[in-house]
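Each chain is listed here by its residues.
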Amino acid sequence: AEELQLFSGAAFKKPMDEIVSLYEKKTGTRVYAAYGSVKTVMSQAILTKQGDVFVVPSSDIMDKVVKKGVVQRETIKSFAYAVPVIVVHKGNPKNIKGLKDLLRDDVRFAMANPENVYIGMLAAEIFDRSLSPGEISKLQKKVVTYADDVPKLLSYLILNQVDAILGFDFMKGWNPDKTEIVKLKPDEIVRISAGQTGVITYSKNRERAKEFIDFLLSTQGQNIFKKYGYQASEKEAFNFAGKKLEIGGEPEFSGNWIKQ
Amino acid sequence: MTFKRLSIFFAISVFLLYLGLVLSLFYFYKGSLFMEALLSERILYSIKISLIAATVATVLSIVIALPAAYALSRFDFKGKQLIDTILEFPMIVSPAALGAMLLIFFNTPIGMWIQDNTISFVFTAYGIILAQFVTTVGIATRLIKAAMDEIPQRYEDVARSLGASPMEAFLTVTLPLSKRGVIAGGILTWAKAIGEFGATITIAGSMAMKTETLPVAIFMRLATADIEGTVVLIMILISIALTILYGVRLLARKQDA
Amino acid sequence: MTFKRLSIFFAISVFLLYLGLVLSLFYFYKGSLFMEALLSERILYSIKISLIAATVATVLSIVIALPAAYALSRFDFKGKQLIDTILEFPMIVSPAALGAMLLIFFNTPIGMWIQDNTISFVFTAYGIILAQFVTTVGIATRLIKAAMDEIPQRYEDVARSLGASPMEAFLTVTLPLSKRGVIAGGILTWAKAIGEFGATITIAGSMAMKTETLPVAIFMRLATADIEGTVVLIMILISIALTILYGVRLLARKQDA
Amino acid sequence: MLEVKNISVRVGNFTLKNVSLTIKDNECHVIIGPTGSGKTLLLESIIGFRRPLKGEILLDGKRIDNLSVEKRGFSYVPQDLALFPHLSVRDNIYYGLKIKGSKGGMDQNIADEIIEAVGIRHLINRSIKGLSGGEKQRVALVRAIAPGYRYLLLDEPLSALHEGLKHELWFLIKELQQRYGLTILMITHDIEEAFFLGDTISILIDGKLHQTGRKSDSLIPKSLEVAKFFGIRNLFETELIHTDTDTFTVYCEELNTKLSVRKDYGFLNSLTDHRLIAGIRSEDVMILREDLIRKDQDNMLTGSIKHVFYKGSYYIVTILVDNSTRLIDVELSDYAFRKLNISPGQRVYISLRSERMFLIPSAQT
Amino acid sequence: MLEVKNISVRVGNFTLKNVSLTIKDNECHVIIGPTGSGKTLLLESIIGFRRPLKGEILLDGKRIDNLSVEKRGFSYVPQDLALFPHLSVRDNIYYGLKIKGSKGGMDQNIADEIIEAVGIRHLINRSIKGLSGGEKQRVALVRAIAPGYRYLLLDEPLSALHEGLKHELWFLIKELQQRYGLTILMITHDIEEAFFLGDTISILIDGKLHQTGRKSDSLIPKSLEVAKFFGIRNLFETELIHTDTDTFTVYCEELNTKLSVRKDYGFLNSLTDHRLIAGIRSEDVMILREDLIRKDQDNMLTGSIKHVFYKGSYYIVTILVDNSTRLIDVELSDYAFRKLNISPGQRVYISLRSERMFLIPSAQT
Ligand SMILES: Nc1ncnc2c1ncn2[C@@H]1O[C@H](COP(=O)(O)OP(=O)(O)OP(=O)(O)O)[C@@H](O)[C@H]1O
Ligand SMILES: Nc1ncnc2c1ncn2[C@@H]1O[C@H](COP(=O)(O)OP(=O)(O)OP(=O)(O)O)[C@@H](O)[C@H]1O
Ligand SMILES: [Mg+2]
Ligand SMILES: [Mg+2]
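As you go down the protein sequences, you meet chains A, B, C, D and E in turn.
Going left to right, the first sequence walks through residues 1 to 260 as this note's numbering numbers them.
Going left to right, the second sequence walks through residues 1 to 257 as this note's numbering numbers them.
Going left to right, the third sequence walks through residues 1 to 257 as this note's numbering numbers them.
Going left to right, the fourth sequence walks through residues 1 to 365 as this note's numbering numbers them.
Going left to right, the fifth sequence walks through residues 1 to 365 as this note's numbering numbers them.
If you're looking for bench data, these hints aren't it; they were derived computationally from the structure.
As the structure is a computational prediction, the values presented were derived from the model and not from experiment.
One thing to keep in mind: the hints can contain errors.
Derived BS3-like pairs: lysine-lysine, alpha-carbon spacing no greater than 27 Å straight-line [to be verified]: (1) A:K100 / C:K210; (2) E:K339 / D:K258; (3) D:K98 / D:K54; (4) E:K215 / D:K306; (5) A:K210 / A:K172; (6) C:K210 / A:K138; (7) E:K339 / D:K263; (8) D:K71 / D:K100; (9) E:K228 / D:K311; (10) C:K254 / B:K4; (11) E:K306 / E:K339; (12) E:K208 / D:K129; (13) E:K5 / E:K17; (14) A:K227 / B:K30; (15) B:K179 / C:K210; (16) D:K215 / D:K5; (17) D:K17 / D:K215; (18) C:K254 / D:K98; (19) B:K4 / D:K306; (20) C:K80 / B:K78; (21) E:K215 / E:K174; (22) D:K129 / E:K54; (23) A:K100 / A:K244; (24) A:K49 / A:K68; (25) E:K24 / D:K311; (26) D:K71 / B:K4; (27) B:K4 / D:K311; (28) C:K4 / B:K80; (29) A:K14 / A:K227; (30) D:K174 / D:K54; (31) A:K68 / A:K142; (32) D:K100 / D:K62; (33) D:K174 / E:K71; (34) E:K24 / D:K129; (35) C:K4 / E:K100; (36) A:K204 / A:K97; (37) E:K5 / D:K339; (38) E:K208 / D:K339; (39) A:K235 / A:K77.
Please take these sequences and the hints and turn them into a complete structure.
As structure tokens, this is what we get:
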């Protein structure tokens, strides 16, 4: 039988596993999915010069691999949209209603690293846009840490090291028992994130790779992502955010977020 | 008496430190998940491949470390100091970086040749073994060398006077005399191998039913902040590994007596 | 003669394995980046915090491992077997999982109490030291215990007959006699500490100029697909660490002579 | 005063059974016995390395068997020396002094003096590795004496030394003992050494104390085991046939003769049995020139010379007794050997001098 | 035939200088010497553990100094025994046999026989740990003999054994040597042992071979160092005043007397100097009863008894010579001691028997 090699960010593992097995059943093509942290799958794709389909959680990463010539730009597609939100403990014990509450002294707040994690960049951009310079520097001082990836960011919340994080809406899908979402105001959000997938340049089976991507984007595929708490389509995402927004793209934020 | 108590106190502190960590797992423990995980085919496969790979990698490491350690402990030759210094290399470089280095290596002409003409390591179970081997062979050599350094050369000399060739003297005298050190080294190597994750996932990937070892499976749970799932898998890993190590140690001790 | 050559051959093989990995880094090496990285304030900070944290963690580990190893090597007490078995625990659990366990621990009432009433570890530089300490103290104890196991009890007995208290006998006889083992253990501990990444980043986070150690910095490069930058940082880490270890070993050897 | 009361010690299959010893202050007590008889074990139990199954150890009347090693106050030279391999000769020697020094001033002069006397001044800066067997032994001796403990336990401390040096050290030990009032408990397998240094002597065989007493009494074996340990081969099974005021008369079937034994030498307290073993040391047997034979010479036998062994400064001659298959050993000084002009086959008269014969219980009892 | 030609060995500050030895097949050559004189070093150089600075070692005429240890074919009992601690007594003993067995059949019976003879049958299943000093030594001896090598190098193999056992082993070694045609090179510090076992004897002092020769010649010291090593204290500075056909006459200022020395005993090949040292062993000095003095007794002196030392089976008596400060040592058998009724202060006649006196070059030369 034919084979496909898939590199995917580990965050998509659960839905992707389902999609893969559905796809395998449907087409008889065997799919080997390698999951890993973003850095792992990137180095694997760059250094092994193998694989057919590349799946990453955000567009910034896709940009990098495209620059390295690993993925063909024209094959890139978005799926599984994610909207930045504030995530808090179940029941919102600190009663956090919006961005300004993150400045409160009794609120421990963490965000992802704006240097290399997309949600970190989005957060920085959001804060830069919506807070005053004084508030920004206060927030920069009180942010307890930068998480180096999305799951860790959520873990900090779940393990009660922080009271609020600036994360994505799907985090509630990951852990409905412990978390709750506080939506941002529509105009606070600049852009939303989307998982991106593309065909790897070195692929020896482009047709099948494209076929898999198409399956991923099909309603059947979208439903699976929906099941795991993702916004399955652009429309749903915009509805959730409250307005139409840019998808992906390079967030703009001040250098202070990286080096204080 | 006070000194004895004091030192035992420290030993127990180390124990409590680790016990505390293990016990705090129960804070997130869901009994149902445990059985579910244990009975799932995927987890069983992970357990199997973890055990096999760690054991093969340990055997390889020790087999190579033994003569290497002996050479470093007994002979003087050019470059010995250099070799002695580089043994800690896989410790210094974090596993993920080590994995990246391995990938880089297989990206060089020599590496590609090896991939194409001998065994293919990237994204295969051999890659797991390779990753574990590379992470451990240096420490294994170091530990066995340390043990052999404590065995006086004299016993070998006397063995030679009784007719043993250098090889026979090594096999019948130095090796059994450093047995405890070799076993301790082997245990540490195996522990490190079975716990190895960063290099493994980088070079071998994380394909279910193919290269997904227990630590990789744990990572997968962590990757969606699935604390309960993580906890269960960590418990499985710890209990299997510690039980095996306990058994090995018991066996070694029995043989000693 | 052949056996000697054979064993040296194995030693050199181990060397070549690691050398090969290091050399393949040059495949992606950009000289200009090297100096640039070395002069950047951020990298200098990473180097500094890496060295300080690893050294502090090593000292802590060894200070606690010494009496603990002595107790395990010399005395019989309840639970000794258990302690002996759990020492490999931090090896078995991969660093990231260990980090998660630490976080879980600090989520328990005891952990929270410690966080609030003593030192705050989570997201601080103390967290780096804690992560490194937890990963190493078990192995340090194991290594030192292995060394002490080889020192006959007899010397201590004789020291006692010359008037030494148990503590004095330990300090003046057993400790110096196991010096080589303790140094080897210390070196391995330090190497492991400076290379520790998974637990560090989990508990201490990755804020530049705050908790960004060298391995964390390497990760940051890797996470942005900056292979060249990664290579340069790995080279910096390797050269600093191996140079220091070489120096320590040289010093120890000189003192011996 | 050091008292060992009825201690029993067990290791593996070996047991030290009910050993009791008393060593008075300023006395040197020597333990002799065959290899593997438990001498080292006994010493290690007294010093505190091993816990006896039962029994008491008392120092000046106070029990010390529950004290830890360093509180008992014994200095020790182990049989395997156990010099600290990581310390120089100097640091080995001063080890005890330094430890004590940290607890209260001690006299360094003793150490310096002994270093000189024992002849290891030139080794002082050397490391232990590379010392010869005898050099090591001397360093161990000095290390034990230097701290100035009053009790010295020595386990074959001179066994690796050559005659000349050994004799010098005998004198040195005697002198130190007197000068510093040392009480010494010493193991040796050198009988000469035992008799030179010991005030009292114990003989330990197979874990049992066979006899213990003042040096002058120790030469006469009181059991077959001790006789054999002394290397006495002239032992004869006999039957008691007559008792006089100052003499026993026994009949020896093997030699087909009566032998008289003077009571004042080989005195047996109680004769519970008539079957006895009569013995005599080879150096106490006399070979007589025919012209010097007097009628009153007792226990006279005739025989022919079988073997002659030269032992450096003396000879051992074995004599086949006439009308018997029995060989008797005779030790002869070089001078006597030449005077008597001995050669194998020669016929001689020998006397088992009655004032040197001893009686011990027969093995069967 | 084993020949050592002019080897020099250096360790630390110690040098073994130009040592040459020849050991014929089936011979037992014994090396004696003070502690630290280089005996062990010499043996280790022959066996191949150390590389000599210069010189050759030949076995049956073929150079072996470049061969590796196991190819030289020497069995070795090291002074420190070096029993393999991880093996049982049995496995230690059979170690060499097994190694050889894997290369060609060997006779197991030798081993079994020696185990029995040495008396370690009961230890055979024991581990090395816990063996007593003497037990260890016997195991090491058997381990070396068992593989059946023709050359046996023994470094003080009996030093930890008691008299009786030691003597038995002397006989055993002699017997084994004859039975299996062994060639033995042995170190000992026991002079008695040297003279019992050795066919030829070498005396090594301070890294130099002072004399080497047949046993019968070895008793007479040929240098001051050897005399001192033998423990001979009766040494007198003298001046040669007359040479006869069979006697030298020397004058001793210290004793204020002439002494005659018979040429056939202490023969000096060449008298290059008139300053000589005359000596006599303490056992060769005679104490004479007044009634037994004959006029022809030579080298007669008078003096008074100063000290009496009892040594178990004999006495050492020191005598202060009249009109001099000089003490002379005399060894007396128990018998002689009693006969002479010796007590301190008593005046006696002594004879330094001319047929037992020897001459050696003075130290100044
Ligand atoms: N740990 C042990 N296990 C078994 N047997 C032991 C142990 N330790 C000592 N023994 C036995 O106890 C006996 C007495 O040993 P010990 O060392 O006291 O003898 P020793 O009289 O000092 O002999 P030597 O003169 O040879 O030194 C020996 O037969 C020895 O084998
Ligand atoms: N590695 C070394 N460094 C320095 N000196 C050494 C070394 N090895 C041996 N020596 C010295 O060489 C001399 C000869 O040693 P050796 O062991 O041959 O003496 P030995 O004659 O066997 O004495 P013993 O009868 O005491 O065993 C000794 O003075 C010893 O201290
Ligand atoms: Mg003993
Ligand atoms: Mg020696």
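Evaluated hints:
With a CA separation close to 25 Å, the supplied pair K100 (chain A) and K210 (chain C) stays within the 27 Å bound. Pair hint K339 (chain E) plus K258 (chain D) holds up; C-alpha atoms about 26 Å apart against a cutoff of 27 Å. A threshold of 27 Å between alpha carbons decides the hint, and for K98 (chain D) with K54 (chain D) the separation of about 35 Å lies outside it, so the pair is violated. Simply put, K215 (chain E) and K306 (chain D) have alpha-carbon atoms about 22 Å apart, close enough for the 27 Å limit, and the pair holds.
Distance restraint check for K210 (chain A) and K172 (chain A): the Cα-Cα separation of roughly 31 Å exceeds the 27 Å cut-off, and the hinted pair is therefore not satisfied. This hinted pair checks out: K210 (chain C) and K138 (chain A) have alpha carbons roughly 17 Å apart, not beyond 27 Å. A threshold of 27 Å between alpha carbons decides the hint, and for K339 (chain E) with K263 (chain D) the separation of about 20 Å falls inside it, so the pair holds. Proximity of K71 (chain D) to K100 (chain D) is assessed by CA-CA distance (about 12 Å); at most 27 Å being required, the pair is judged to hold.
With a C-alpha separation of about 20 Å, the suggested pair K228 (chain E) and K311 (chain D) falls inside the 27 Å cut-off, and the hint holds. This hinted pair does not check out: K254 (chain C) and K4 (chain B) have alpha carbons roughly 33 Å apart, beyond 27 Å. Only pairs whose Cα atoms come within 27 Å are accepted, and K306 (chain E) paired with K339 (chain E) is accepted, the gap being roughly 18 Å. The suggested pairing of K208 (chain E) with K129 (chain D) holds, with an alpha-carbon distance near 22 Å, which does not exceed 27 Å.
For the proposed pair K5 (chain E) and K17 (chain E), the alpha carbon gap of about 11 Å is at most 27 Å, so the pair holds. Taking the CA atoms of K227 (chain A) and K30 (chain B), the gap is about 23 Å. The hint holds against a cut of 27 Å. Distance restraint check for K179 (chain B) and K210 (chain C): the Cα-Cα separation of roughly 45 Å exceeds the 27 Å cut-off, and the hinted pair is therefore not satisfied. Only pairs whose Cα atoms come within 27 Å are accepted, and K215 (chain D) paired with K5 (chain D) is accepted, the gap being roughly 21 Å.
Our distance criterion of 27 Å between C-alpha atoms is met by K17 (chain D) and K215 (chain D), whose separation comes to about 23 Å. Distance hint between K254 (chain C) and K98 (chain D) is fulfilled; the C-alpha atoms sit about 26 Å from each other, no more than 27 Å. Pair hint K4 (chain B) plus K306 (chain D) does not hold up; C-alpha atoms about 66 Å apart against a cutoff of 27 Å. Our distance criterion of 27 Å between C-alpha atoms is broken by K80 (chain C) and K78 (chain B), whose separation comes to about 44 Å.
For the proposed pair K215 (chain E) and K174 (chain E), the alpha carbon gap of about 15 Å is at most 27 Å, so the pair holds. Simply put, K129 (chain D) and K54 (chain E) have alpha-carbon atoms about 24 Å apart, close enough for the 27 Å limit, and the pair holds. Taking the CA atoms of K100 (chain A) and K244 (chain A), the gap is about 23 Å. The hint holds against a cut of 27 Å. Simply put, K49 (chain A) and K68 (chain A) have alpha-carbon atoms about 11 Å apart, close enough for the 27 Å limit, and the pair holds.
A C-alpha spacing of about 22 Å is found between K24 (chain E) and K311 (chain D), which places the hinted pair at or below 27 Å, so the restraint holds. The suggested pairing of K71 (chain D) with K4 (chain B) holds, with an alpha-carbon distance near 16 Å, which does not exceed 27 Å. Only pairs whose Cα atoms come within 27 Å are accepted, and K4 (chain B) paired with K311 (chain D) is rejected, the gap being roughly 55 Å. Taking the CA atoms of K4 (chain C) and K80 (chain B), the gap is near 14 Å; set against the 27 Å cutoff, the hint holds.
Note on K14 (chain A) and K227 (chain A): the hinted pairing holds, with a Cα-Cα distance of about 10 Å set against a maximum of 27 Å. Distance hint between K174 (chain D) and K54 (chain D) is unfulfilled; the C-alpha atoms sit about 33 Å from each other, more than 27 Å. Among the hinted pairs, K68 (chain A) with K142 (chain A) is inconsistent with the structure: their alpha-carbon atoms are about 37 Å apart, more than 27 Å. At roughly 22 Å between alpha-carbon atoms, K100 (chain D) and K62 (chain D) fall within 27 Å of each other, so this suggested pair holds.
The hinted pair formed by K174 (chain D) and K71 (chain E) fails the criterion: a straight-line CA distance of about 50 Å is larger than 27 Å. Under the criterion of a C-alpha separation no larger than 27 Å, the hint pairing K24 (chain E) with K129 (chain D) is inconsistent with the structure, at around 34 Å. With a C-alpha separation of about 21 Å, the suggested pairing of K4 (chain C) with K100 (chain E) holds against the 27 Å cut-off. Proximity of K204 (chain A) to K97 (chain A) is assessed by CA-CA distance (about 51 Å); at most 27 Å being required, the pair is judged violated.
For the suggested pair K5 (chain E) and K339 (chain D), the alpha carbons sit about 42 Å apart, so the restraint of at most 27 Å is broken. For the suggested pair K208 (chain E) and K339 (chain D), the alpha carbons sit about 37 Å apart, so the restraint of at most 27 Å is broken. The suggested pairing of K235 (chain A) with K77 (chain A) holds, with an alpha-carbon distance near 16 Å, which does not exceed 27 Å.
Violated hints, in rising order: 3, 5, 10, 15, 19, 20, 27, 30, 31, 33, 34, 36, 37, 38; the structure is consistent with all others.
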